[in-house]
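For chain R, the structure is supplied; the task is to place chain W on it using the hints.
Heads up: the sequence lines are chains R and W, in that order.
Counting in the numbering used here, the first sequence runs from 1 upward without gaps.
Counting in the numbering used here, the second sequence runs from 1 upward without gaps.
Simulated from the structure, these hints should not be mistaken for lab results.
Hints are not guaranteed to be accurate.
The calculated SDA-like cross-link candidates involving lysine to any residue, where the alpha carbons are at most 20 angstroms apart (straight line), are [what the hints assert, rightly or not]:
#1 Lys12/W / Thr22/W
#2 Lys234/R / Ala146/R
#3 Lys234/R / Tyr125/W
#4 Lys334/W / Trp314/W
#5 Lys234/R / Pro19/W
#6 Lys327/W / Pro19/W
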Amino acid sequence: MLQDILVTGLVNGGVYALLAIGFSLIFGVARIVNIAHTAFYMLAAYCFYALLVKANLGFVLSAVIAVGAVTLVAVVCYRLVIEPVREHEAAVLIATIALALIFQELMLLTFGGHYLGIPSTLEGVVRVLGVSIPYQRLLILVVAAAALTLVWFVLYRTRLGLAIRATANDLEVANLMGMNVNRVAMATVAISVALAAVAGVVVAPVFVVDPFMWLAPLVTMLAIVVLGGLGSLKGSLIGALIIGYVEAITVFALPAGAYLKGAVALLIMVAVLLARPEGLFGVAFEEER
Amino acid sequence: MYLLRRGWAELKNEVFVLPSRTLVLAWVVALLALPAVYGDAYVLRILTMTCLFAIFAASWDLLAGYTGQVNFGHALFFGAGAYTSALLSLRLGVSPWVTIWAGAAVATLVGVFVGYLCLRLRGSYLSLATLAFPLIALGLLFAFPGFSGGELGISGLRRLALTPMANYYIAAVSMLAIVFALWKLAGSKFGIVLHAIRDDEVAARASGINTPRYKLAVFAVSAAAAGFAGALLAHYIRIAGPSSLEVALSFQVVIWGIFGGVATIYGPVAAVFLLYPLTEWLGSFRAVGELRLLAFAVIVLLVLLFMPRGLAPWVRDRIEAQCPRCKQRNGAWKRLCRLCGAPLKAEVARAQRLVGHQ
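The following block holds chain W by itself, in its conformation from the complex:
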């Protein structure tokens, strides 16, 4: 009983005071409760894929948004995870429950390798150089079709679970766990160092931060998450094909990340949850099925014109306001800061007029 009361108090004081946290809680509950309420196999399939791509997008954000290593070849890690897991489980007959971890491990190694090669590159150079790696891998796959299955890929994989609902829960729970872990990591001291590296690497190094080690660590973590997602997806759709390495997938994750808002973790996840079902839904109409990618691009373009910083920061600015004194966030309807009692809006505007700066 005490624990229940304590839990309720925590919920009321920490979650319900901020609309964004309430939204996230509602989303988590909806995600976990959905199959019990509405267990349509098609919807579950789409949501399973959405969850897996959400992991992928969140891992990209840690690397590109926080650390500023804007990776144009993130599909490499996804594909490395998918192919490793597929090859191990099909050729050696290992259970997919084991090979998924092997896939993530290999993806981590690939991530460290790419990160090591890219340590000295910055900005656009890094983006364009990373674009090359998945294509090199793709060329190798096509050149040795006996090993990799060539253009057809490796099909006939075993699923992790038999029912759609079990598969859905595997994807949803791993998505929630990984995204939460990434979000925690990004908010920790480690994450602050990453911000510093992105904003000014020289200054970060001058402050005694071993930036190469941090960059390698981020590449490893991000690649591990992406590889895990790739392996899960390969076992879910039962094929690991060249499409998991294509430029289109790398660009897709860049679009998700920037559309949702970089350096937030939740932004890209929100973007995937909006855009992926949207494109699938558009594709289900006969008339607009062919227009689906077109509609996708137009929507992204229009949304960007109005919210150039991305969707999640824009929404957050609408429903929340930052306290000018203690920098804590408050619901936008509040007049006084919930923690320090400082007035939030009107007075601030006057003060700004008086002082004339900021």
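So that you can see chain R by itself, here it is in the shape it has in the complex:
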């Protein structure tokens, strides 16, 4: 059981980290609370399903196309819907909620409300420490690690990353220094949604795909981001692992744990917030006036 907890926590934590870091990025740079973030994850899973099962394109090709297409959709949505109302925070908020609902309903219309299964992309299991891990779950872990390394590289070793970090730090000053903050925001949207899409594609064969699959991870992701500190990437990563393990422990160790896993994860978040209102790694900055 201990090994089960270790492995499940790590795999779920990886997926959550992909989602939470994307969300954190976009919040840090553009101050957008993107409720539609996990809707893009759902969209990517459906896209992958359609390309793989309906169009028979092969795993790698469908995965790449799915991620690319969803990122493109996100950028278009950002330009058409979010950018015109950027100054009104409340309007941005419900614009993203409305976007998420639109995607949910569109998927419900095209694919129906029933659960769709995707065949495993990799068969077989590997035994580590007496626990058998399906290759599929190992793949999630590897992809998550690779994607996170890539994001780290982009953020800390390229000029674009420098611009993104500068904009996140202080939008006005970045603008004055000659950075095109609108373009930086758009690049951030693309990166963040691409991460969500990667998460959607890798988990699709493990979980089932349905139009409401965005709600549960949305809540967990928000809990993680708040737990780690809004806008802090390190916080999101560590928060994701904490929540991943807490959920795994609840499910394996408590009776009726499957019902309570969300509640326990959220309780942890509330407890952390009570002790440290700015999250684990958030900066307690003075109110912006």
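Chain W alone, transformed into the frame defined by chain R:
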């Protein structure tokens, strides 16, 4: 006779001079007179639900719009009211007329509890943390199905009244009373303090306002109204289920509030009265029934692109103008301010050009 004349004078001088007040009066009269004119049970049912959700949306606005505590888990208070009232009336056999108040009371306690936990949080942190509370409650409900009815909820509740018309009047009158009370509260000195807390909490505290106490009070009032609405709804649809705690309901109220225009009280109410019957009406067509949520989201999105501050402020700006001198509102067609006689439009534009600021 004197009272009648006095009443007419008040009406003419205070209500009919402003188009927005005339609109509100027309709406109240229509609401109260509707069953006598058109007593279709289906329409009454939809309007009853609309009234109850209007209370819910108005209570959210007091908390989120005025005080800036943008609550993403407002369904918690709604659900607390619904479940308390349902459990009391079904398990203990208490009359629903009593349990509704008990539901509101428990919701108030829950509101104070949540408010207490969230005192130190601000902005997005508060929104995202409050999102968690109804889900924690939902997890507990599912974990103890013997007590709470699990996924099915508690069904078989008694209604407050038997005829649709009586139920409608209960909902409509309580809606009017609560919304009016909230509106009065928001316009009072208490409401001004709330504005101050939202705009700059540090400055408010520096001015000697005990902000935590005010925030707790707002959480309590808002939760009480929401819990009352939840209890009424539970007894109206005769079931208190997990759907009253879901994220969807919390998001729904956020959409209503922002769509209508925050910090107005009447805005969210107007939004509910437009959007809820609209979605029900769309759902009644066979062809677009499945598209109803989609149409809802698209409409919200499109309206927002054109009126990012919300529906009610946008309409109000179209039909009314503010006097530049005494800051009183006037009908948009007027040339001179009705109170101080200052010119409203043309001259102001020239003055702005001359001075070059504002």
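Results for each hint:
Between the alpha carbons of Lys12/W and Thr22/W the distance comes to roughly 10 angstroms, so the proposed pair stays at or under 20 angstroms and holds. At most 20 angstroms may separate the alpha-carbon atoms for a hinted pair to count; Lys234/R and Ala146/R meet this at roughly 16 angstroms. Distance restraint check for Lys234/R and Tyr125/W: the Cα-Cα separation of roughly 17 angstroms lies within the 20 angstroms cut-off, and the hinted pair is therefore satisfied. Proposed proximity of Lys334/W and Trp314/W is supported: the alpha carbons are some 18 angstroms apart, at most 20 angstroms.
A distance of roughly 54 angstroms separates the Cα atoms of Lys234/R and Pro19/W; the hinted pair therefore is violated under the 20 angstroms criterion. As the CA atoms of Lys327/W and Pro19/W are separated by approximately 17 angstroms, the hinted pair is consistent with the 20 angstroms bound.
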